[in-house]
Amino acid sequence: MPEIEEIKPFRPDLVEILNGVPHGIALVDPNLRLIMMNRFLEALTGYSGEETRGIYCDHVLRSSLGRNVQVFRQALETGVACSVEGDILGLNRKKIPVRFTATPVVESTGGRQALVLVLEDITALQEIGRKQEKGPPKGLLGHSPKMQEIFELLPVLAHTDSSVLITGETGTGKDLLAEAVHHASKRGKYPFIKVNCGALPESLLESELFGHVRGAFTGAHADKHGMFQLAQGGTIFLTEIGDLPLPLQVKLLTVLDDREFFPLGSQKKVKVDVRLITGTHRDLKQLVQEGRFREDLFFRLNVLRVHLPSLRERDGDVRLLIDHFLQLFAVSFGKNVKRLSARALRLLGSYPYPGNVRELRNIIEYGVNICRGEVIEVEHLPPYVLAEAGKPPRAATDAVSPDRLDPGEKSVSKAVEEIPDNASSWSAIEKKKILTALMQTGGSRTGAAKALGWGRTTLWRKMREYDLG
Amino acid sequence: MKILATLQNNDIAPRFDLATEVLIAKVVRGKVSGEPRTVLLPGPGSDALCSLIIKEEASLVICGGIEESHFQYLVWKKIEVIDRVIGPAAQAIDLAMAKQLRPGSIVRPETERSAPL
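Chains as they are written, first to last, in my numbering: chain A, 1 to 469; chain B, 1001 to 1117.
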């Protein structure tokens, strides 16, 4: 084995490093006069760093921010980096949308203060943003009136800093909505942190949310920032807030009121500027009545409340989502699946979807995986969906009555009913698929093999394997 | 002939579209005639500034950054535009009269030793 060579220190010229960065970078003094520019910014402005030394940066950058840039001064005073969006007029007399990020730096010898300005071209980002504004938010799909109401409400939720409580059954898209609200808000360029309150025990959750200092408990070998600190300037999404333990509910209430908290074991308060979005599938009011959720916290969280409708309530959205997921999985799995058969569509249209969009997504993913041809048939759907189709319609759902199915469908349903409840293993599913195919083709092995997308030999081998010969 | 320079304090305003003041100098036989006039605009805006330039019948405009559309408009109106100029407006006008001002020139104040580029 070759010996590992010791890596020798390499100290290249700072300017050379900055010249390699594909963003405009300028170093300015506390009076916002230029000290140096990197090559990218020189090309953008048309001036050289040498000739502009000592000139106020607003003259050189020709930015929309002007000279009295409050943000830059604030960065110098507080010592904390901050950013602001604006535009500059480039050498080609075109306005370039730019995000300015100002980071204060202090000279190691002498202690002189300066500000590093990074100019990031955000033309492409704004273009994407404009496209997204025209359609529904990323990840959320729906034409139903109930979803349109949500889409109309989204800009309202985004333009305020108030707490949002998202309720809805599991799989309705609470996480996606929270993320969409964050991205559409002015905090969109800052972090979006999601914490599942039901996933961790109380002691770990406190450390996860609020952080800890070294030695706070056994195993705390180093200081650790909590999720609230990591989300600084952005949004924290606490999902399954109904599962938050009572002692932590008190601490969360304090954070919401004071915007500051003590990390575990620390005597120093930490200030945070974070927007809170919470989500739950539980009835918080009922939890309050049962004494499992603090009433004051409930009122604090329940400022803006959005209820996401279940898939059963979203008229016409099932078909839209089927097409979307079909295309998505066909591309990602490299399959040639193009559509669902009319019978499979009817079956999916009548399914009650207790797991909502997440369940529909999983059904389509299963179908695309199993299907070997271009069309997903009823047989390619998960057995539990087929089993559900064989059951009488439930009062709460608009499941299709068996009388409305054609004779072919009846035979499939009958075959499906015979699938045992414990038919979760692949061999059991495959056995049933073979039987169904044989029944549909009147016992023709050639026809069954074709319907299954197999060769006759494969079908013969599998029939022997399952003792069906 | 009239020279119009966009103004921010005593310097050329960095942006044509954000300028709220202009300095207008009347040039007679290669010299500034009388005291240059400062005109305060009701607010920033390229269109309003272009209208003022036409109304004042300026034949040369000295400014900082200007958008291509407004630059082309003024050129089409047969007005010479020297843009991306940095430095004191009065000195920039002097240099323009001496045919020494170019687009992108950095005019150093007289107290500084650096020569204009």
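Just to be clear, a hint being listed does not mean it is correct.
Simulated pairs of lysine-lysine, DSBU-like, Cα-Cα distance not exceeding 30 Å [to be verified]:
1) A:Lys224 x A:Lys285
2) A:Lys95 x B:Lys1031
3) A:Lys94 x B:Lys1031
4) A:Lys224 x A:Lys194
5) B:Lys1002 x A:Lys94
6) B:Lys1002 x A:Lys431
7) B:Lys1055 x B:Lys1002
8) B:Lys1099 x B:Lys1002
9) A:Lys268 x A:Lys335
10) A:Lys95 x B:Lys1077
11) A:Lys335 x A:Lys251
12) A:Lys194 x A:Lys95
13) B:Lys1099 x A:Lys268
14) A:Lys189 x A:Lys285
15) B:Lys1099 x B:Lys1031
16) A:Lys251 x A:Lys271
17) A:Lys95 x B:Lys1055
18) B:Lys1002 x A:Lys186
19) B:Lys1077 x A:Lys285
20) A:Lys224 x A:Lys338
21) A:Lys94 x A:Lys194
22) B:Lys1055 x A:Lys431
Calculated from the model, a selection of chain B residues having no Cβ within reach of chain A, i.e. all distances over 12 Å [what the hints assert, rightly or not]:
23) Met1001
24) Asp1011
25) Ser1033
26) Val1039
27) Ser1069
28) Gly1087
29) Asp1094
30) Gly1104
31) Ile1106
32) Arg1108
Everything labelled a hint here was simulated from the structure, so no lab data went into it.
Keep in mind the model is a prediction, meaning the values are calculated, not measured.
Idealized CB from N, CA, C, for every residue including glycine.
How the hints compare with the structure:
no., hint, result
1, A:Lys224 x A:Lys285, "34 Å, violated"
2, A:Lys95 x B:Lys1031, "36 Å, violated"
3, A:Lys94 x B:Lys1031, "34 Å, violated"
4, A:Lys224 x A:Lys194, "17 Å, holds"
5, B:Lys1002 x A:Lys94, "27 Å, holds"
6, B:Lys1002 x A:Lys431, "94 Å, violated"
7, B:Lys1055 x B:Lys1002, "11 Å, holds"
8, B:Lys1099 x B:Lys1002, "15 Å, holds"
9, A:Lys268 x A:Lys335, "56 Å, violated"
10, A:Lys95 x B:Lys1077, "23 Å, holds"
11, A:Lys335 x A:Lys251, "50 Å, violated"
12, A:Lys194 x A:Lys95, "36 Å, violated"
13, B:Lys1099 x A:Lys268, "65 Å, violated"
14, A:Lys189 x A:Lys285, "34 Å, violated"
15, B:Lys1099 x B:Lys1031, "12 Å, holds"
16, A:Lys251 x A:Lys271, "14 Å, holds"
17, A:Lys95 x B:Lys1055, "27 Å, holds"
18, B:Lys1002 x A:Lys186, "46 Å, violated"
19, B:Lys1077 x A:Lys285, "71 Å, violated"
20, A:Lys224 x A:Lys338, "49 Å, violated"
21, A:Lys94 x A:Lys194, "39 Å, violated"
22, B:Lys1055 x A:Lys431, "89 Å, violated"
23, Met1001, "25 Å, holds"
24, Asp1011, "7 Å, violated"
25, Ser1033, "29 Å, holds"
26, Val1039, "20 Å, holds"
27, Ser1069, "9 Å, violated"
28, Gly1087, "8 Å, violated"
29, Asp1094, "19 Å, holds"
30, Gly1104, "6 Å, violated"
31, Ile1106, "6 Å, violated"
32, Arg1108, "9 Å, violated"
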